[in-house]
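Undergrad: Residue strings, one per chain:
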Amino acid sequence: MNIDDPKLTAYALDELDEAERAEIAHEAAVSPEAQREVQETQTMARRLREDFAAELQHPASVVKAPLSANLSDIRDDPWFWTRARPLAIAALLAVFAVIGLAIFGSIKLREKEIAQADQRTTALPPRSSVVEAEVEDAPIASYAIVRRFINDGRLPPKDSVRIEEMINYFTYDYPRPKPDEPFSVHVEVAGCPWADSHRLVRIGFRGRDVADSVVKTAKVVAQQIAGTPVAIAKDVKIQVEFNSAQVASYHLMGYEKRMLRKDFKNDEIDAGEIGAGNAVTILYEVVPVGANANPAASIPPVDPLKYGTYSTNTTQADRRSNEMLTVKLRYKTPDGDKSELIERAVVDDGEQFANASADFKFAAAVAEFGMLLRDSEFKGSGTLGAVLEWAEEGKGAERNEYRAGFLELVRKAQALKRG
Amino acid sequence: MQVLLRRFEIPLLQFATRITGDRERARDVVQETFVKFQNNGAFQSPEPATWLFTVCRNGALNVCRKERRMQYLDEELIEAREAGQQPMPFERLERQEATGFLLKIVATLPPRQQEVLQLKFQNDLSYQQIAEITKTTANNVGVLIHTALKTLRQKYANTAKDFVPFTPRTTNEA
Numbered sequence: 002m003n004i005d006d007p008k009l010t011a012y013a014l015d016e017l018d019e020a021e022r023a024e025i026a027h028e029a030a031v032s033p034e035a036q037r038e039v040q041e042t043q044t045m046a047r048r049l050r051e052d053f054a055a056e057l058q059h060p061a062s063v064v065k066a067p068l069s070a071n072l073s074d075i076r077d078d079p080w081f082w083t084r085a086r087p088l089a090i091a092a093l094l095a096v097f098a099v100i101g102l103a104i105f106g107s108i109k110l111r112e113k114e115i116a117q118a119d120q121r122t123t124a125l126p127p128r129s130s131v132v133e134a135e136v137e138d139a140p141i142a143s144y145a146i147v148r149r150f151i152n153d154g155r156l157p158p159k160d161s162v163r164i165e166e167m168i169n170y171f172t173y174d175y176p177r178p179k180p181d182e183p184f185s186v187h188v189e190v191a192g193c194p195w196a197d198s199h200r201l202v203r204i205g206f207r208g209r210d211v212a213d214s215v216v217k218t219a220k221v222v223a224q225q226i227a228g229t230p231v232a233i234a235k236d237v238k239i240q241v242e243f244n245s246a247q248v249a250s251y252h253l254m255g256y257e258k259r260m261l262r263k264d265f266k267n268d269e270i271d272a273g274e275i276g277a278g279n280a281v282t283i284l285y286e287v288v289p290v291g292a293n294a295n296p297a298a299s300i301p302p303v304d305p306l307k308y309g310t311y312s313t314n315t316t317q318a319d320r321r322s323n324e325m326l327t328v329k330l331r332y333k334t335p336d337g338d339k340s341e342l343i344e345r346a347v348v349d350d351g352e353q354f355a356n357a358s359a360d361f362k363f364a365a366a367v368a369e370f371g372m373l374l375r376d377s378e379f380k381g382s383g384t385l386g387a388v389l390e391w392a393e394e395g396k397g398a399e400r401n402e403y404r405a406g407f408l409e410l411v412r413k414a415q416a417l418k419r420g
Numbered sequence: 028m029q030v031l032l033r034r035f036e037i038p039l040l041q042f043a044t045r046i047t048g049d050r051e052r053a054r055d056v057v058q059e060t061f062v063k064f065q066n067n068g069a070f071q072s073p074e075p076a077t078w079l080f081t082v083c084r085n086g087a088l089n090v091c092r093k094e095r096r097m098q099y100l101d102e103e104l105i106e107a108r109e110a111g112q113q114p115m116p117f118e119r120l121e122r123q124e125a126t127g128f129l130l131k132i133v134a135t136l137p138p139r140q141q142e143v144l145q146l147k148f149q150n151d152l153s154y155q156q157i158a159e160i161t162k163t164t165a166n167n168v169g170v171l172i173h174t175a176l177k178t179l180r181q182k183y184a185n186t187a188k189d190f191v192p193f194t195p196r197t198t199n200e201a
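Which chain is which? The protein sequence lines are P and S, in order. Just add 1 to the spot in the first sequence (first one is 1) and you have my numbering. Just add 27 to the spot in the second sequence (first one is 1) and you have my numbering.
None of these hints come from the bench; they were simulated from the model. Think of the CB as a built atom: it goes at the ideal place given N, C-alpha and C, for glycine as much as any other residue. Every clue listed holds true.
Derived DSBU-like pairs (lysine-lysine); straight-line CA-CA distance at most 30 angstroms:
{"hint": "1", "chain 1": "P", "residue 1": "K179", "chain 2": "P", "residue 2": "K396"}
{"hint": "2", "chain 1": "P", "residue 1": "K380", "chain 2": "P", "residue 2": "K418"}
{"hint": "3", "chain 1": "P", "residue 1": "K179", "chain 2": "P", "residue 2": "K329"}
{"hint": "4", "chain 1": "S", "residue 1": "K131", "chain 2": "P", "residue 2": "K159"}
{"hint": "5", "chain 1": "P", "residue 1": "K413", "chain 2": "P", "residue 2": "K380"}
{"hint": "6", "chain 1": "S", "residue 1": "K93", "chain 2": "S", "residue 2": "K63"}
{"hint": "7", "chain 1": "S", "residue 1": "K93", "chain 2": "S", "residue 2": "K162"}
{"hint": "8", "chain 1": "S", "residue 1": "K131", "chain 2": "S", "residue 2": "K182"}
{"hint": "9", "chain 1": "P", "residue 1": "K8", "chain 2": "S", "residue 2": "K162"}
{"hint": "10", "chain 1": "P", "residue 1": "K8", "chain 2": "S", "residue 2": "K177"}
{"hint": "11", "chain 1": "P", "residue 1": "K8", "chain 2": "S", "residue 2": "K182"}
{"hint": "12", "chain 1": "P", "residue 1": "K413", "chain 2": "P", "residue 2": "K396"}
{"hint": "13", "chain 1": "P", "residue 1": "K179", "chain 2": "S", "residue 2": "K63"}
{"hint": "14", "chain 1": "P", "residue 1": "K8", "chain 2": "S", "residue 2": "K131"}
{"hint": "15", "chain 1": "S", "residue 1": "K162", "chain 2": "S", "residue 2": "K63"}
{"hint": "16", "chain 1": "P", "residue 1": "K159", "chain 2": "P", "residue 2": "K418"}
Sample of chain P residues lacking proximity to chain S, with all beta carbon distances greater than 10 angstroms (derived):
{"hint": "17", "residue": "A20"}
{"hint": "18", "residue": "L156"}
{"hint": "19", "residue": "P183"}
{"hint": "20", "residue": "G192"}
{"hint": "21", "residue": "S322"}
{"hint": "22", "residue": "R331"}
{"hint": "23", "residue": "E341"}
{"hint": "24", "residue": "I343"}
{"hint": "25", "residue": "Q353"}
{"hint": "26", "residue": "K396"}
{"hint": "27", "residue": "R412"}
What follows is a list of derived Cβ distance ranges for each label pair:
{"hint": "28", "chain 1": "P", "residue 1": "E393", "chain 2": "S", "residue 2": "E59", "range": "35 to 41 angstroms"}
{"hint": "29", "chain 1": "P", "residue 1": "E28", "chain 2": "S", "residue 2": "E74", "range": "28 to 34 angstroms"}
{"hint": "30", "chain 1": "S", "residue 1": "N167", "chain 2": "P", "residue 2": "A416", "range": "36 to 42 angstroms"}
Make a model of the complete structure from these sequences and hints.
TA: Here's what the structure looks like:
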């Protein structure tokens with residue numbers, strides 16, 4: 002058979018219909034040359050997929066050579082200098098504006114521990130975890146890479162599995178922000194399905210949708226200030242403060258690689274980048290006070306609260322407080338240096354995992370799937386079978402396409418693990 | 028809407044960047060694509076991917092047109108380029124071992140081939156979907172991908188061969 006036939010390439014890429022496929026398969030069966038051709042095409046296809054996937058993960062690394070023009074021609078064109086360049090700057094600023102206003106783009110999270118200001122006056126040990134969001138290009142590509150590997154019949158390398166990115170590949174229903182606030186905060190607490198006595202906390206942040214009006218406003222703003230380096234969005238800081246009367250320790254899901262890379266005691270921990278889009282989900286596994294008399298013996302350690310023990314210095318007020326945690330979201334408006342604050346106190350009402358929302362179950366399933374693929378020390382008692390169950394319960398109605406894809410992926414991983 | 032935004036934002040950005048050669052313009056194009064998407068109610072479309080890439084491609088080409096970067100649009104020029112010279116001579120590429128080298132070779136291919144490769148291997152679209160987006164036939168998409176993969180394999184093999192002397196195997200294992 003002719004090995005220089007686009008049909009053979011289409012066959013290698015699984016682009017033929019049943020009849021053609023059978024026909025080519027029949028011909029290729031007796032032609033070692035054709036078989037090698039198919040194999041080499043598939044190898045090149047896999048390399049391309051990997052490199053293209055890596056490009057999505059590091060968008061800045063896109064090969065910049067324009068398809069469309071010889072740049073030197075344009076630079077010699079006076080039009081470029083008089084009009085195109087200011088326009089480009091305006092466009093750039095518009096983009097910043099849109100990103101800033103809508104948290105469009107993606108969000109880089111940085112976790113750091115806040116040092117206690119003064120032990121003597123506050124009496125409480127520091128017990129908060131700060132997640133600082135910076136708006137920039139960031140990937141959710143880990144899920145795509147994991148999927149690619151599994152579809153190719155291999156389990157992904159552990160380091161390519163980033164739980165925070167996998168969780169944020171999917172979207173969850175969060176309420177729209179109030180008219181006067183750029184973000185909404187949503188918190189749900191229920192049982193942790195892979196560790197009986199632990200609690201799982203899902204915190205969702207949602208920015209304003211990318212509405213037409215926002216885009217227009219952003220452009221007007223940008224054109225007015227063209228040429229002036231103005232950051233429309235100043236830092237967005239998410240702080241989760243745990244009540245030491247309720248919480249013995251906690252663990253932020255994901256970020257393993259980044260945490261290992263740097264000193265965790267350092268208070269500028271780069272916990273990595275998550276989620277493109279305008280909503281972010283983070284999960285904490287929480288060990289309630291008194292949940293395990295001897296955690297080290299039976300359950301993998303979770304990050305202990307920093308700076309000593311919690312119990313001895315706890316004030317009466319905190320003892321009485323039944324709040325589990327407070328989520329604080331600080332942001333600065335473009336026009337002021339003043340930091341605005343959105344605050345949500347959360348009481349754990351003891352909800353069981355079985356009664357949690359579909360979104361909660363699904364996010365938990367994705368997190369556990371990631372931990373199992375990473376063989377994480379935090380994976381607990383979960384199995385791929387359990388992940389399937391939780392994801393099935395959390396599949397929901399509307400987002401079937403992506404969530405159903407996840408279920409399929411877990412099944413394939415199950416088959417691979419069985420060998 | 029959010030699902031689609033999340034799912035397609037970066038792929039569309041990469042796609043528009045390849046066409047315009049400019050990240051910032053690409054961002055504008057993608058923004059407008061999503062605005063149109065929302066306004067037209069296109070999110071109810073059964074094939075949002077095809078819709079999004081088609082509108083994004085048109086938007087990117089419009090940017091080129093407005094900025095007199097006509098070459099990409101000009102079918103004749105594209106054909107001429109495919110037949111003859113290429114945008115960047117392969118010999119001038121910097122050699123690089125890391126992943127991403129393959130994409131540098133991709134950048135030497137004719138524009139038409141580059142875009143179908145990106146739609147196929149970055150976005151997992153079918154020949155038929157790619158044909159709709161790039162306004163051609165599935166057969167032609169098949170020919171473009173076939174030709175592109177042939178060239179890539181050949182150039183990749185040549186490069187790999189050149190690399191061998193620079194990374195000699197050591198005898199540590201022995």
